[in-house]
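Chemist: One-letter residues, chain by chain:
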Amino acid sequence: MPVTTINGREIHVDDEGFLTEYDEWDEDLAKVLAANINVDLTDEHWTAIKFAREDYKSQGETPTIRRMASVGGVDTKKMFQLFPKKPAKKMSYIAGVPKPHGCV
Amino acid sequence: MTTETHAPIVPNFDDDETDRKIAFICSKGNLDMAYPALVLANAALGEGIETHLFFTFWGFDMITKSRMHDLKFSPVGNTAMHMPVGDIRIPQALAPLPGMQPMATKMIKDQIAALGVPEVPEFLDQIVASGGHLWACRMSADMNKLVEEDLYEGVEAIINASDFIEMTDGAQLLFI
Numbered sequence: 114m115p116v117t118t119i120n121g122r123e124i125h126v127d128d129e130g131f132l133t134e135y136d137e138w139d140e141d142l143a144k145v146l147a148a149n150i151n152v153d154l155t156d157e158h159w160t161a162i163k164f165a166r167e168d169y170k171s172q173g174e175t176p177t178i179r180r181m182a183s184v185g186g187v188d189t190k191k192m193f194q195l196f197p198k199k200p201a202k203k204m205s206y207i208a209g210v211p212k213p214h215g216c217v
Numbered sequence: 261m262t263t264e265t266h267a268p269i270v271p272n273f274d275d276d277e278t279d280r281k282i283a284f285i286c287s288k289g290n291l292d293m294a295y296p297a298l299v300l301a302n303a304a305l306g307e308g309i310e311t312h313l314f315f316t317f318w319g320f321d322m323i324t325k326s327r328m329h330d331l332k333f334s335p336v337g338n339t340a341m342h343m344p345v346g347d348i349r350i351p352q353a354l355a356p357l358p359g360m361q362p363m364a365t366k367m368i369k370d371q372i373a374a375l376g377v378p379e380v381p382e383f384l385d386q387i388v389a390s391g392g393h394l395w396a397c398r399m400s401a402d403m404n405k406l407v408e409e410d411l412y413e414g415v416e417a418i419i420n421a422s423d424f425i426e427m428t429d430g431a432q433l434l435f436i
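Heads up: the protein sequence lines correspond to chains A and B, in order.
Residue 114 is where the first sequence starts when you use my numbering, and the numbers rise one by one after that.
Residue 261 is where the second sequence starts when you use my numbering, and the numbers rise one by one after that.
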């Protein structure tokens with residue numbers, strides 16, 4: 114697995130750049146990750162990111178767009194506004210969790 | 261193996277790549293044949309791809325308000341239908357018996373629900389919320405004597421075959 118330097122720290126990532134170590138993530142790092150992909154973080158982004166992290170921790174899987182709406186309380190339209198075009202992947206990247214595994 | 265690199269690795273989300281377009285022709289009204297297009301359209305939308313679904317012939321049931329909540333699955337003619345337990349095929353001679361269709365429909369619905377995948381109407385809601393475009397076939401509407409009011413509200417319009425061909429210029433097409 115590659116190690117990359119983000120925000121002056123060594124971070125373990127996969128070949129695409131997604132974090133592979135859950136505990137290497139913190140909010141300051143998330144801000145840098147968001148900036149890397151041109152996302153300006155708002156309170157609504159944090160709601161989604163924090164839910165994704167908690168859900169990953171408890172379920173062992175990153176929530177899909179469907180689960181973000183039905184359990185996380187962030188509806189699908191909002192997800193597309195917050196993380197344009199590729200909401201699940203962009204959210205996962207910023208939240209430091211893997212891309213969702215499920216199809217829906 | 262660990263490789264060290266100092267340049268940050270940032271995923272390429274292809275934000276500039278906006279020209280990919282995909283269209284699904286949904287021609288079947290059986291429950292199991294409703295899902296492939298819905299799953300793939302949803303995935304395409306999640307990748308930022310312009311996505312259209314065109315409902316025609318039996319696929320019209322997927323968007324007809326009075327029918328879309330109650331699509332059925334039949335084991336008749338489907339040799340890949342197995343018993344819930346064990347790897348036993350349901351004999352085709354038994355497939356048309358009374359009770360088989362409701363049982364098979366319930367089974368498939370339960371399996372889909374267990375994965376957290378929504379039922380057809382709710383799935384269409386998600387596709388529309390994700391920016392997907394739904395179109396109804398003019399000929400099918402006329403054959404079934406249905407008008408826009410009879411159709412799921414997310415359907416943008418009833419369009420004819422030429423409109424669809426024009427609209428999907430440059431799109432990848434999938435007939436289901």
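Derived from the structure by calculation, the hints contain no laboratory data.
It is possible that part of the hints are untrue.
What the hints assert, rightly or not - Straight-line distance between alpha carbons at most 27 Å, and here's what the computed DSSO-like set of lysine-lysine pairs gives:
hint, chain 1, residue 1, chain 2, residue 2
1, B, K366, B, K281
2, B, K405, A, K190
3, A, K144, A, K170
4, A, K191, B, K288
5, A, K212, A, K198
6, A, K198, B, K366
7, A, K190, B, K366
Chemist: For each hint, tell me whether it holds in the structure or not.
Modeler: Going through the hints against the structure:
no.: 1; hint: K366/B with K281/B; in the structure: 35 Å, violated
no.: 2; hint: K405/B with K190/A; in the structure: 33 Å, violated
no.: 3; hint: K144/A with K170/A; in the structure: 20 Å, holds
no.: 4; hint: K191/A with K288/B; in the structure: 31 Å, violated
no.: 5; hint: K212/A with K198/A; in the structure: 15 Å, holds
no.: 6; hint: K198/A with K366/B; in the structure: 35 Å, violated
no.: 7; hint: K190/A with K366/B; in the structure: 31 Å, violated
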